[in-house]
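Once you have looked at the hints, place chains B and C on chain A.
Residue numbers (this note's numbering), protein chains in the order written: chain A, 1 to 245; chain B, 1 to 291; chain C, 1 to 609.
Quick caveat, the hints were computed from the structure, so don't treat them as lab data. Virtual Cβ for every residue (Gly too), placed ideally from N, Cα, C. Some hints here could point you the wrong way.
Below, computed lysine-lysine pairings styled on BS3-like, alpha-carbon distance capped at 30 Å [to be verified]:
| # | chain 1 | residue 1 | chain 2 | residue 2 |
| --- | --- | --- | --- | --- |
| 1 | A | 120 | B | 263 |
| 2 | C | 544 | C | 574 |
| 3 | A | 129 | B | 175 |
| 4 | B | 175 | A | 77 |
| 5 | A | 158 | A | 77 |
| 6 | A | 20 | A | 221 |
Here chain C is said to cover these stretches of chain A; the calculated rule only asks that three of the stretch's residues, wherever they fall, bring their Cβ under 8 Å from a Cβ of chain C [to be verified]:
| # | stretch |
| --- | --- |
| 7 | 31-45 |
| 8 | 94-105 |
Listed below, chain by chain, are the residues.
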Amino acid sequence: MALLELENVVAAYGNIRALKGLTLAVEEGEIVALLGANGAGKSTTLRVISGLMPPQSGTLRFAGRSIGGLAPGAIVKLGVAHVPEGRRVFPGLTVRENIILGGSNRERASRAELEADAEKMFGIFPEIKPFEAALGWTLSGGQQQMVAIARGLMSRPKLLLLDEPSLGLAPLIVQQVYRVIADVRRDGTTVLLVEQNAHMALSVADRGYVLETGQLVVHGKPEALWDNEDVRTAYLGGRRTQAGR
Amino acid sequence: MGFNLQLLFTGIGVGSIYALVALGFALIYRATNVVNFAQGDFAMLGAFAMVVLAIDLELPYWLSILITLALMVGFGALFNLAVYYPLRNRSFLPVIISTIGASILLENGVLAAYGPRPQSLDSIFAVPGFSVGDVFFDSQYIVILVVAVVMVVVQYLFFERTLTGKKMQATSQDKEMASLLGIPVIWMIMLTFMYSAMLGGLAGILVAPVLFVTVGMGSSIALKAFAASIIGGFGDVTGAIVGGLALGVIETFGAAYVSVPYKDAFAFLVLFGFLLVRPQGIFGERISEKA
Amino acid sequence: MRASVRSGKSPPGVTGRRGLAFGLYATAALMAVMAAVITPLSAYSLNLLMQAATYAIAVLGLTIVLGYTGQINLAQAAFFGIGAYGVALGTTAFGLSFLGALAIGVVLAAGAGAVLGLTSLRLGGHYLAMVTISFQTILTLVLTNWVAFTRGPDGVPNIRRPALLAESGPYLGLCIAALFAVAWFVWWLKTTKLGRAMQAVRDNELAANVIGVDAYATKVAAFTLSAVLGGFGGALFAGGFTYVSPDQFSFAESVVFLTMVLLGGAAAPAGAVLGTGLLILLPEWLRFLKVIYLAVYGGAVILIMIFMPDGIWGYAMTRWRRLRPARPIDPGIIAPLALTRETARADNSVILSVHGLSKHFGGLKAVDAVDLTIHRNTVHALIGPNGSGKTTLLNVLNGIVRPTAGSIALDGVDITRLPPHRRARHGLGRSFQNIRLFGAMSVLDNVIVAAERPRPLPALPRLRARAGRGDGGLECHALGALDFVGIAARAGAQVGSLSYGHQRLVEIARALAGSPKLLFLDEPGAGLNHVEKDELVRLLTRLKGHGLTILIIDHDMAMVERVADHITVLNFGKRIADGTPAEVLRHTDVIAAYLGEERPALSRSYGAS
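One chain only, chain A, in its complex shape (with noise of 0.2 Å):
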C-alpha cells in the first residue's frame, strides 16, 4: 500500500476545474517530482492533499486513511507536512520561534522538547543558525526557504509536501535546497516535490509525474522523463504534429 494515494482527484476554483480526475501514488521513502507549467494544477494537488482545498470529487488516501474533506490541523496531526509556495514565514516572528511552531500538530509535545527539536533543526541546516533570533521578513529568499523546510520538519511528518522551493532563488540557492531535500529523505521521509525547474527536480526524484491543465501527461523516472517529448512541449510548445493542437 503506498503511503500517499490520489484516485481521480477533481478540484474546482469557483467555475475553474483546476484537478481534473487525477491518479498518483507516492511509494514511502521516496522522492516524487510533479512537473508541468504554470497553471497545470500542481500546487492545487498539494492544497487540496494537505486540506486547505476540499476535493470535488475522487479519493485521497494517506498511509491507508481517507484524507479528503479534512481540515489541515487534522491532516498534519497525521504526519503530512505543507511547505507552500513563497515560503510564507511569519514575517513579524524570528527563526527560532518561527521553527518552533512547526511543532504546533505535536500537542504532547513539552516546550522544552520544542526547543530541542530547534536546536536539532539548526544542526541540519547550519546556514541559518547565525540567524537564529532575526525576524522573518529580513531574510533573503534561500535563508526563508530553509526556515520553511526546517519548520516543515518540526512536525516530524511522514510526508513532507514541497511547493516550488527553487521558486526566485539564485541557482546556487537552489543547489543548498536540494541538498537539503535529499538529505531529508536519506532520513526517512517521503517527500512529494512540486516544481517548475524540472532539471533540478528530476536530479533528486526516483519518479515524477508531468501535468498538464490538471490532468496527468505522462510519468516515470527521471531518464526517461527527460529524453520525453512530451515533457519539453509541456513547457515550451512545438508540438506540431498532432491536428487540432
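What follows is chains B and C alone, placed relative to chain A:
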C-alpha cells in the same frame, strides 16, 4: 509652568485610557482585519458592571473588579460568536456594519436596563492625591498610569514569551500558514476577542471614577481611540500606545487653551489631518498602492 | 430589448411601455398627494407620515452612495441636519422664504458632501467610514455648542412653512410629491452613464478605472448627490415639524438611516422606501418596544447582515429573477463592430515604446529596467516563469501601479504619469487574469460601460452622435463587440450565470468596446480547454486582421507559438530575450529559465538513491 505640567500629567492619564482601548482595536484588527466599532462599548460595559456590582450590589471593590474582568472575557467570546464569526468570510463592509449594529445594541440595551441618568463611581482612595510643587497628582490618574504600564508589560510578556502568544501572532500574520502548521486558528481568534474585550473592560473600570458613567461614554472613547490608532498607525501596537498618549495630551491642552466644549473636536481635526496627509500614521506601513 | 440597428433609436415597443409605466407612476403620485390633502388625519398620523416621507428621501441618498456606488456613508444625518437647520435658521433668523432657505440648506449640504467625497481619493473601507463618522460627530458638536448661531441644545422653534402649505395636510402632500419625484430620479439615475459608472466602481473599482471610468470623480459625485438628498429631506423635515434640535441629527440617526436602507435593500429605490416605511411605521404597532427600539435596531442590523445582506427587496428580486429568467436579447442584424479606423495605417510603426521601466517593492525588483517595443498590427507575447514580473509589468503599463523609473509612450504620447482611466482614452484596453467583470450588472451593461467611454475617433462622427441620442447607438456598438467574440446571444444574462470561458469572452468584448489601439490580454487561455483555446486563437487572429495590436501573456507555449509575431521573455524582472518565436523558444537562456539548465549528466550528485 506648573499648570502645563499638570495638563501634561492629566493628558497622559486620559491618553492611557485611549491607549488601552486602541490596543484592543489593534489586536482585533491584526488578527481578523476587522475594525471593531463596538470596542469602546466594552469600556462602557466594564464601567456599568462596576456600578452594578460595587454600588447596587455593594460588593467589595476588589471583588467587583475581578468579576467585571471575568464577565468581560466571557462577553468577548459571545461577541466573537455572534458578530464576527458568522461574517468572517465576507467582505469588510458587512462586518463593519455589523459591529456598528452591535455598538448600538449594547448602548441601548444598557440604556433600557439602567435608564439615562449618569452614574458615578466614587474614588476608593482615602487620599485623593498628593502635590509636588504646583502639580497635583490625582490618585486615580496615578492608578490609571500604573495599570496601563503594567498591562503593556504583561501583554508584551504574553505575546513575546509564551507559545500561545506566538501562535496568536502567527495567526495574525498569516492565517492560512498557521492553520497548515496545526495552530487552531479559530480558537486563536476567539482568544483575541476575549483578551481585547477584557482590555476594554479594564479601561472602563479605570475611567469610571473619573468620568460620569453614561451609556454614550463608550462611543466617544472609541472614536478617540480610533483617532489615536490612525495617528499611531492602524494595527501597530506601539502606534496605539503612542497615538493614545499623544491624543490625550493634545486634547487636554486644547481644552485648557482653546475651548472646552469643542475639546472633542480636536481629536477629529487631528484625525482629519492625518487621514489627508499621512493615513498610515506615525508607525504604520505605507498603505499599499491600489493594485 | 430589441436593438433596432437601422434607426439607432429605441424601438417603439419599448418606448410605449416606458411611457405607460411613467403614466401610471405619475397617476399614483397624484392620487397619493390628493389623499394626503383631503383625508382628515390626526396630528399624530400626519407627523408620522411626514417623518416617513422626509426620512425616505434621505435614505434614498444612501441608495445612491451605498447601494449604487458601494461607499459607506455614516454622515447622512449630518447632511439631513444641515438641510434642516438651513430652513430653520433661514426662515426664522434670516427672514428668507421657505424656498430660499431650502435652497441654501441643500447647497450647503451638497458642499459638505463634496468635501467628504474628496477625502475618498486615498482612502477606502474603514478609513472612509471613520471620516464620515468624524464629520458627523463634529457637526453635532457644532450644532450643540455654537449657541450664538444655532441656538444650541434648545433648538430652533417656530419654523415657518410656505404660505400656501401652512396646513399640515397640504404640506404632507408636498412631502409625498417630493418623495415620488426623488424616487423616480434615483431609479432613473441607475440607467444613466453616471449610474452605470457608479455600479462599476462598486463591483470592481480597479476594472472600472482601467476601462475609462474616473472612479474618484464618480465617488465624489455619489457623495454629493447623497448629501443633496439628505439635505433636501432635512429641509422638508424642518418645515414639517416646525422645530429642530441638535439631538435629532446625531450619529444614532445616521445609523437609523443605514438600517433602513439595509433592511429594505440598498440596491434599488424601492428598497429604501420599503425599509423606511417598515422601520417608522412598525414600531408604532410595537409601542411597548419604544424604550428599547434602538437596541432592537442594533440587533436588527447584525441579523440583516448575516441573513439577508441584500435586504427584503433585494431578496425578493433575487427570487423573482430565478423564477423568470431574463428574456434573451434577440440581436437582430447587428452591424459589424467598428473596431478601429487604424486600418488605414497598415504599417508596422511602433505603437508602444517602453524604456528602462522599473518597479521596486522595497528591496524586491519586480521589474528591472525593462525595454519593450511593440509594433502596430502585431501580436506580441510576454512570457516568463512564475514570478518573473509579467503581470507587474502589465500593471505598470496600465497605470494601476506607479513605476519606480522609466517611461512609457503610446503612439508618441508620454503616458507614464497618466491615471488608468486616462490611458484607456488614449487607447489601452485590458482583460484580466482573474476575471474582473461587474458582477451585479448584465453582460450587455458590462460592455456598455466601456462603450460609452471610447477612445475619441475622429473618423467615426456618426457613432458618437448616435450614442448621444438614446441608447440605440451605444447598444449597437456593445452588441457588436459581444457578437465579435461570439456571445451576443447571452447579452441579457447576469454575468454570474456564464461559464468561465464565456466570462472571459465578455471581458474581451468589454475591452474591445472602448475601441482600443492596443489590447492587453493577461492569461486569456487560463482555465480554458483545448476547444476553447482554439477558438481563442481564431479570435486573436481576427482581431489582428482588424488592425488591432495585441500584447498577450500566457503560459501555453503551443498557443503562444501559434499566435505571436514577436516574443519578449522576462526572468527575475529582467528582459532576457526578445525576438521571433523561432529565435526565442530555442534560446538557451529561455530554456534554462523554464526547464533549468540544459541537461547535464544526471549524476545524482545530491545523494544516493
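Quick check: the stretch 94-105 of chain A, covered by chain C? Criterion 3+ residues, Cβ under 8 Å.
violated (count 0)
Would the hint linking residue 544 (chain C) and residue 574 (chain C) be met if the CA-CA limit is 30 Å?
Since the Cα atoms of residue 544 (chain C) and residue 574 (chain C) sit roughly 28 Å apart, the hinted pair holds (cutoff 30 Å).
30 Å limit on alpha-carbon distance, applied to hinted pair residue 175 (chain B) and residue 77 (chain A)
Given pair residue 175 (chain B), residue 77 (chain A) holds - Cα atoms ~18 Å apart, limit 30 Å.
Are 3 or more residues of the stretch 31-45 of chain A near chain C, judged by a Cβ distance of less than 8 Å?
holds (count 3)
Given hint residue 175 (chain B) paired with residue 129 (chain A) - CA-CA distance at most 30 Å:
Judged against 30 Å, a Cα distance of about 26 Å means the pair holds.
What's the verdict on residue 120 (chain A) and residue 263 (chain B), does the C-alpha distance respect the 30 Å limit or exceed it?
With a Cα-Cα distance of about 59 Å, the restraint between residue 120 (chain A) and residue 263 (chain B) is violated, given a limit of 30 Å.
Pair hint residue 20 (chain A) and residue 221 (chain A), alpha-carbon separation not exceeding 30 Å:
23 Å, holds
Would you mind confirming whether the straight-line C-alpha gap from residue 158 (chain A) to residue 77 (chain A) stays at or under 30 Å?
10 Å, holds
Comparing the model with each earlier hint shows violations of hints 1 and 8; every other hint is respected.
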